[in-house]
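Chemist: Sequences and hints are given; from them, build the entire structure.
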Amino acid sequence: MFRSVNHLIARSRVPARFASNTAYTAALATLKKDLKQAMISKDDVRKTTIRSVLSTIKNKEIDTKGQELNEFSLAEIYSKLINQRTDSIDEFLRNGREDLATRERQELAIIQNYLHELPVASKEEIDTKVAELLKNLQETTPNLQLKQVFGKIDWKKLPIEWKASSNTIKSSIVNHFKQK
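Here the sequence shown stands for residues 36 to 215, where the numbers follow this note's numbering.
I should point out that these hints are in silico values taken from the structure, not numbers from a laboratory. Think of the CB as a built atom: it goes at the ideal place given N, C-alpha and C, for glycine as much as any other residue. Among the clues, some could well be false.
PhoX-like cross-link-like pairs, simulated, lysine-lysine; straight-line CA separation at most 25 Å [stated by the list, open to error]:
| hint | residue 1 | residue 2 |
| --- | --- | --- |
| 1 | K158 | K205 |
| 2 | K191 | K205 |
| 3 | K67 | K82 |
| 4 | K95 | K198 |
| 5 | K205 | K100 |
| 6 | K192 | K182 |
| 7 | K205 | K170 |
| 8 | K95 | K82 |
| 9 | K115 | K82 |
| 10 | K191 | K115 |
| 11 | K82 | K68 |
| 12 | K182 | K95 |
| 13 | K170 | K115 |
| 14 | K164 | K182 |
| 15 | K158 | K187 |
| 16 | K170 | K192 |
| 17 | K164 | K115 |
| 18 | K187 | K170 |
| 19 | K68 | K93 |
| 20 | K67 | K115 |
| 21 | K198 | K100 |
| 22 | K93 | K67 |
| 23 | K191 | K100 |
| 24 | K158 | K198 |
| 25 | K95 | K115 |
| 26 | K164 | K198 |
| 27 | K213 | K164 |
| 28 | K164 | K192 |
| 29 | K100 | K115 |
| 30 | K182 | K170 |
| 31 | K71 | K95 |
| 32 | K93 | K71 |
| 33 | K68 | K95 |
Here are the simulated distance ranges between beta carbons [what the hints assert, rightly or not]:
| hint | residue 1 | residue 2 | range |
| --- | --- | --- | --- |
| 34 | K100 | A61 | 18 to 28 Å |
| 35 | K100 | E126 | 30 to 40 Å |
| 36 | N130 | E167 | 39 to 49 Å |
| 37 | Q183 | I75 | 17 to 27 Å |
| 38 | Q180 | K158 | 17 to 27 Å |
| 39 | K93 | D162 | 24 to 34 Å |
| 40 | L135 | T60 | 29 to 39 Å |
Modeler: Here's what the structure looks like:
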């Protein structure tokens with residue numbers, strides 16, 4: 036009796052990586068290949084950095100519980116890790132630990148290389164597009180409020196057209212409104 040149901044149960048739990056797109060899986064494959072290469076060449080900084088990145092990605096997969104992950108979520112992970120490294124460098128320099136700051140700079144450079152390999156728009160490109168979008172919207176409706184801007188944007192098409200996550204676009208819009 037239960038044999039007929041087992042195949043349904045087994046297929047319902049698809050890991051998050053199988054629900055992701057090709058850019059995401061290619062980036063993961065590159066990370067794993069580079070980890071193997073770092074292990075062979077005994078490059079300790081590169082090895083620990085890549086392991087940290089893979090660990091963060093795996094934690095994100097677990098947290099999202101099967102939601103589709105893509106290159107935008109990967110770019111957000113990389114950006115978060117870059118911000119952490121930048122904060123650590125500042126903290127180490129304040130406390131006079133140049134050796135640890137140097138190691139963090141090396142890790143920062145490695146993560147930035149992986150971020151630049153992703154097919155996503157840079158923060159500067161997004162900021163210029165947001166500025167242009169807000170300028171066009173304010174021409175049609177003066178005294179535009181932030182709530183109205185979010186209502187006028189097609190959130191299904193815009194992230195795909197701009198090659199950016201909706202969270203990145205939203206934060207850029209909020210930053211532009213704060214500057215005014």
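Chemist: Does each hint fit the structure? Answer for all of them.
Modeler: Taking the hints in turn, this is what the structure says about them:
no. : hint                     : result
1   : K158 to K205             : 12 Å, holds
2   : K191 to K205             : 13 Å, holds
3   : K67 to K82               : 10 Å, holds
4   : K95 to K198              : 20 Å, holds
5   : K205 to K100             : 23 Å, holds
6   : K192 to K182             : 19 Å, holds
7   : K205 to K170             : 16 Å, holds
8   : K95 to K82               : 20 Å, holds
9   : K115 to K82              : 19 Å, holds
10  : K191 to K115             : 24 Å, holds
11  : K82 to K68               : 11 Å, holds
12  : K182 to K95              : 29 Å, violated
13  : K170 to K115             : 29 Å, violated
14  : K164 to K182             : 18 Å, holds
15  : K158 to K187             : 22 Å, holds
16  : K170 to K192             : 19 Å, holds
17  : K164 to K115             : 22 Å, holds
18  : K187 to K170             : 13 Å, holds
19  : K68 to K93               : 16 Å, holds
20  : K67 to K115              : 20 Å, holds
21  : K198 to K100             : 24 Å, holds
22  : K93 to K67               : 13 Å, holds
23  : K191 to K100             : 21 Å, holds
24  : K158 to K198             : 11 Å, holds
25  : K95 to K115              : 12 Å, holds
26  : K164 to K198             : 11 Å, holds
27  : K213 to K164             : 17 Å, holds
28  : K164 to K192             : 14 Å, holds
29  : K100 to K115             : 20 Å, holds
30  : K182 to K170             : 16 Å, holds
31  : K71 to K95               : 22 Å, holds
32  : K93 to K71               : 18 Å, holds
33  : K68 to K95               : 20 Å, holds
34  : K100 to A61: 18 to 28 Å  : 23 Å, holds
35  : K100 to E126: 30 to 40 Å : 33 Å, holds
36  : N130 to E167: 39 to 49 Å : 43 Å, holds
37  : Q183 to I75: 17 to 27 Å  : 56 Å, violated
38  : Q180 to K158: 17 to 27 Å : 24 Å, holds
39  : K93 to D162: 24 to 34 Å  : 31 Å, holds
40  : L135 to T60: 29 to 39 Å  : 34 Å, holds
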